[in-house]
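Residue strings, one per chain:
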Amino acid sequence: MNATATQRVWSVVTHVLLLFGVAISIFPFYWMFVMASRTTEDIFKFPPELLPGTHLLENIGKVFDSVNLLGSTANTIFVAVVTTVLVLFFDSIAAFAFAKFDFPAKNLLFVVLLVTFMIPSQLSTVPSFVIMANFGWVGSFQALIVPGAVNAFGIFLLRQYAQGAVSAELLDAARIDGCNFWRQYWHVAVPLLRPALAFLGIFTFINAWNDYFWPLVVLIDPGRQTLQVALSQLNGLYNTDYSMVMAGTLLAVIPLIIVFFLGARQFLADLAAGAVKQ
Amino acid sequence: MATTTPLTAPAQAPEERRSTGNHAGRSKSELLSLYAAISPFYILFAIFGLFPIGFSLYLSFQNWNGIGAMRFVGLAQYQFMLSDPIFWKSIVNTFQIWFISTIPMLFFALVIAFMLNQQIRGRSAYRIAYFIPNVTSIVAIAIIFGSIFSNNFGLLNAALEGLHLDTVEWLNTPWGIKVAIAAMVIWRWTGYNAIIYLAGLQAIPTELYEAAKVDGANLWQVFFRITVPLLRPIILFTVITSTIGGMQLFTEPQVLVGNGGGPGSEGSTMVLYLYQQAFINNQFGYGAAIGWGLFVIMILFSLINWRLVQGAGNRGSRKGVRA
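For the record, the sequence lines run as chains A and B.
My numbering applies: residue 1 is where the first sequence begins, and numbers increase by one.
My numbering applies: residue 1001 is where the second sequence begins, and numbers increase by one.
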């Protein structure tokens, strides 16, 4: 009796503490919404207004009036989608080859791939920019998409998964039926790799959407900006129109939240498993 | 690194090697296909990864503004770097911000994971709620935190005023800027680390907890005597990843206080300083030298962290959490 009572108290305490943490997690989003739905005069009031106002649509309208942000949203969608598709394709064909086939120098090549993990990107930032300038790619989307079109992380992840998920019998059967490497990839491996591809896809999309440093460096032309760069400039330029800036941040964050919620459960499980499993 | 297995794949069939093994039997066209499949990575890595590293070493010995001719200056960029007060300042800033963000962040993450690991209702809803900060745009978050920490109309100062406390010029004072940046890091990464810890906790056998309960251990003792020591490999993982992340801090200070790092460069981090020198001041050679300086610091600091966490664990005490 006493023990269960203590247990119940602990359970309540735990929930209260956890909900307090959740409140801190969520609060900046709420505050963004409050500011995005009020006038800029409201924001400067003291004491501050803590509840949402009625100017949300008006502020969003102001954001869309600034052509920059509408165009940059389209740019971001384009870059993020193309990058994700390319990463999924290039990473998965390489992962499938590494996981299920043997060829000369395979192990050496795989070790090289793992070593590239450890190179920090800052080291090559300046030369990468110079290379882009020489290619005539500064200000173009190739500069964002091409260097990130395939990565070691994804190949490693998909290879580990493919080793278990794609059975040798199925591949043999496909080979006997006359399937070459590419048909085995498309008809056997891709369907079996779907959960891992979904995780890598969400992960890649979110990262491409959020990327700031490289687009800031390489996209100089205002017409070619991504959402994150446009947002930071909106913040600098219209320092006084805070409600409009907040409406802009709202628009930058919502698509990510939607993508995350679509695969949240599986995504979190896979992420944790990747870090912990021995 | 090769021993981690991301994602839970179905069990592997032992006779899998049947289809691999002997590559002499493969046709030429199949070998060609296999190399074609893996080649995109190596081609892109050669152009955008390997070549730039050699090039950046070359650039660091040159004086170059990106347009005119390069001028070989030997070690002058490195000598200048070592005597550049703002370079050192941005290193100190980076470490201060790392210190005041990482320790609270990992501690809170551990506590949250510990609570979520109890038989508790709504665990997956909690996990999602705690992870959301991690998937949001850092630029957006920096703008929102900028408004919360704003000197004049910020929510935080309004709250302090409401409590009849002195307000703080958050974005004008050395520690104010760092606290604001650290707050963003903590907010963004605590949930992420909690999810990682939770997965580690679920791998700890429940018998250990039951035995501790039988022995009359309280929650505090269970946490520091069982949970923390057994989580050591995962704590090491999170310390190393947050070290690498912390050394690369850029977006938060850049959006919050601008390219120069704000008043007195108090918010300038190592990467922000690299960006400012290379892409704002067009000192490409100097930017490349800073890149190498940063690389050396990152390696050294990661090694020190690794030794600290390992060493603390080997002494079998609870110091692991302190590293």
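What the hints contain is simulated information worked out from the structure, not anything from laboratory work.
The structure displayed is predicted, hence computed values, not measured ones.
There's no promise every hint is true.
[Unchecked claim] With beta-carbon atoms standing in for the labels, derived distance ranges: (1) A:169 with B:1039: 52 to 62 Å; (2) B:1220 with A:111: 52 to 62 Å; (3) B:1307 with A:135: 41 to 51 Å; (4) B:1046 with A:14: 49 to 59 Å; (5) B:1080 with A:182: 45 to 55 Å; (6) A:135 with B:1039: 38 to 48 Å; (7) A:82 with B:1046: 44 to 54 Å; (8) A:61 with B:1160: 54 to 64 Å; (9) A:172 with B:1053: 38 to 48 Å; (10) B:1245 with A:26: 21 to 31 Å; (11) B:1307 with A:57: 19 to 29 Å; (12) B:1080 with A:142: 44 to 54 Å; (13) A:116 with B:1169: 42 to 52 Å.
[Unchecked claim] Some chain A residues judged to face chain B by a derived CB distance under 7 Å, without partners named: (14) 60; (15) 103; (16) 206; (17) 207.
A virtual CB, placed ideally from N, CA and C, is assigned to each residue, including glycine.
Going down the list of hints, with the structure as the test:
1. Taking the beta carbon of each, residue 169 of chain A and residue 1039 of chain B are about 28 Å apart, not inside 52 to 62 Å as hinted.
2. In this structure the hint that residue 1220 of chain B and residue 111 of chain A lie 52 to 62 Å apart at CB is violated, the actual value being about 45 Å.
3. The hint said 41 to 51 Å for the Cβ distance between residue 1307 of chain B and residue 135 of chain A, and at roughly 43 Å that hint holds.
4. Against the hinted window of 49 to 59 Å, the Cβ-Cβ separation of residue 1046 of chain B and residue 14 of chain A comes to about 52 Å, which satisfies the hint.
5. Checking the proposed 45 to 55 Å range against residue 1080 of chain B and residue 182 of chain A shows it holds: the Cβ atoms sit about 54 Å from each other.
6. Separated by about 20 Å at the C-beta atoms, residue 135 of chain A and residue 1039 of chain B break the suggested range of 38 to 48 Å.
7. Between residue 82 of chain A and residue 1046 of chain B the C-beta distance comes to about 22 Å, which lies outside the given range of 44 to 54 Å.
8. For residue 61 of chain A and residue 1160 of chain B, the hinted distance range of 54 to 64 Å is not satisfied, since their beta carbons lie about 35 Å from each other.
9. For the pair residue 172 of chain A and residue 1053 of chain B, the supplied restraint of 38 to 48 Å holds, since their beta-carbon distance comes to about 42 Å.
10. At about 23 Å, the CB distance of residue 1245 of chain B to residue 26 of chain A agrees with the hint of 21 to 31 Å.
11. About 56 Å separates the C-beta atoms of residue 1307 of chain B and residue 57 of chain A, a value inconsistent with the hinted range of 19 to 29 Å.
12. Checked against the given bound of 44 to 54 Å, the beta carbons of residue 1080 of chain B and residue 142 of chain A, roughly 35 Å apart, lie outside it.
13. As the Cβ distance of residue 116 of chain A to residue 1169 of chain B is approximately 45 Å, the hint placing it in 42 to 52 Å holds.
14. Look at residue 60 of chain A: its Cβ only gets to about 15 Å from chain B, farther than 7 Å, so that hint breaks.
15. Satisfaction of the interface hint for residue 103 of chain A is found here, the shortest Cβ-Cβ separation to chain B being roughly 5 Å, below the 7 Å cut-off.
16. Because the smallest distance between the Cβ of residue 206 of chain A and any Cβ of chain B comes to about 5 Å, under 7 Å, the interface hint for this residue holds.
17. Residue-level restraint check for residue 207 of chain A is violated (minimum Cβ-Cβ distance to chain B is 10 Å; threshold 7 Å).
Taken one by one, the earlier hints fail for this structure at numbers 1, 2, 6, 7, 8, 11, 12, 14, 17, listed in ascending order.
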